[in-house]
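Participant: Working from the sequences, and respecting the hints, build out all of it.
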Amino acid sequence: MLGLIGKKLGQTRVYDAKGTAVPVTVVHAGPNIVVQKKTVDSDGYAAVQLGFGPQKDHRISKPLAGHLAKAKAPSLRKLLEFRDFPLNVNPGDKVSVTVFAEGDYVDAIGVTKGRGFEGVVKRHGFRGGDITHGAKGWHRRSGAIGQRLFPGTVMRGMRMPGHMGQVRRTTQNLQVVKVLEEDQLLLIKGAIPGANGDYVVIRAAKKRKKAEAKK
Amino acid sequence: MKALEELRQAQRKPAEKVPQFGIGDTVRVHFRIVEGEKERVQVFEGVVIGRKGSEGPDARFTVRRVAFGEGVERVFPLHSPRIEKVEVTREGSARRAKLYYLRERSGKAARVKARERSTSTKGA
Chain X
1 MLGLIGKKLG
11 QTRVYDAKGT
21 AVPVTVVHAG
31 PNIVVQKKTV
41 DSDGYAAVQL
51 GFGPQKDHRI
61 SKPLAGHLAK
71 AKAPSLRKLL
81 EFRDFPLNVN
91 PGDKVSVTVF
101 AEGDYVDAIG
111 VTKGRGFEGV
121 VKRHGFRGGD
131 ITHGAKGWHR
141 RSGAIGQRLF
151 PGTVMRGMRM
161 PGHMGQVRRT
171 TQNLQVVKVL
181 EEDQLLLIKG
191 AIPGANGDYV
201 VIRAAKKRKK
211 AEAKK
Chain Z
1001 MKALEELRQA
1011 QRKPAEKVPQ
1021 FGIGDTVRVH
1031 FRIVEGEKER
1041 VQVFEGVVIG
1051 RKGSEGPDAR
1061 FTVRRVAFGE
1071 GVERVFPLHS
1081 PRIEKVEVTR
1091 EGSARRAKLY
1101 YLRERSGKAA
1111 RVKARERSTS
1121 TKGA
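So the sequence lines, in the order shown, correspond to chains X and Z.
Quick note, the first sequence lines up with residues 1 to 215 if you use this note's numbering.
Quick note, the second sequence lines up with residues 1001 to 1124 if you use this note's numbering.
Note that these hints are calculated values from the structure, not bench results.
Misleading hints may appear alongside valid ones.
Mimicking DSS-like on lysine-lysine, the simulated pairs with C-alpha atoms at most 30 Å apart in a straight line are [said to hold, decoys possible]:
no., chain 1, residue 1, chain 2, residue 2
1, X, Lys189, Z, Lys1013
2, Z, Lys1052, X, Lys189
3, X, Lys18, Z, Lys1038
Facilitator: If you want it as C-alpha cells, here you go:
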C-alpha cells in the first residue's frame, strides 16, 4: 500500500482552474526516508519502513540509533511500516510527495483531537432536554437507559458519557488537489483527523482503484 | 507553518489587480459564471455595504441591491479569479464601516450620500 507519513499544517482554501474556491488541508509529507525493507524471505511478509520528521539526536535511544544507522538515516521522529509498498525502494532512499499526483484519491489517518470526558449531547448527539418551558435541571441528560425488571440490565453498547476523541481515525477517499514538490506539500481536499501539527498518514485510497481516480 | 502562510498569501491577487472601492460606493461587479460548458460574465450592481477580512487572502465584500422590490445581497471574495473587474459607478460617503441599516430602509431613505469628488483619491 502506497503511503507517506506527514504533518498536518492546517487548512486553507485555494482557487482551482475554474476559479472555484476549494477547501484544502495542507500536509507536509516529505521527504520520507526508507529505514528498513522487509521481504517475504527474511520476515515473512513484504513491507517498507518509512521515517519522517526531524528529531534531536539525544532523544534517540541507542538501539534506535543503531537501527537508523543501518539505513544511514538521520534522527527521525516517526517510523511506520507500509505493507506491500508498490515502489522499489531501498534503505536510505527518499520518498517524495510526488508519489501522489493531482486527482489521486487518498485516505488520511490521524489521531482526532481529544475532547476529554464528554456528555451524551456532545459525544453522541443526543437531543437533551428543553432549555425553557419550565425545565429545571434536565437539559443535557440522556434519559432512560433501560426497561424494567425484564431485562433488568443495561444493554451492551448503550451510548453514555465518557472519553471522547484522541482515537485513531481514517478519513477515506479524499482527493489530492495539488502536489507541491518544492515544499513537499500535499493539498488534500476537505478535512483530515487531528490537530494542526499532528502526524498523519496519507495512503492511497483503499476502496478506490487508481485508474478510477484518473477519470 | 511558514509554508502554509505563504500558500495562503499566494491566493491573493497581485496588488494592482485588487479592485479598489470603498464602503458606500455603488459598484458593478463583473463576475464570471460557468454554465455547463459555457462561461459568461454576469454583472451585479449595487451598494457595497460592508467589507470583511481587510485586504487579506480571505477578504470579502457584500453588495446589496434592490431587485424587483426585493433586497438582494451577494458576498464576493475579493481575490476570487472569477471577479473580472469591479467598476465604481458612484462614490458614496459613509460614516460607518457596515451599512446594515440600509436593510431596514426602502426607497428614498435607502440612499447613500454621494462623496465630494474633488478631494477623493479613490478607495482609501
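Participant: Work down the list of hints and note, for each, if the structure agrees.
Facilitator: Here is how each hint holds up against the structure:
{"no.": "1", "hint": "X:Lys189 to Z:Lys1013", "in the structure": "holds, 22 Å"}
{"no.": "2", "hint": "Z:Lys1052 to X:Lys189", "in the structure": "holds, 25 Å"}
{"no.": "3", "hint": "X:Lys18 to Z:Lys1038", "in the structure": "holds, 12 Å"}
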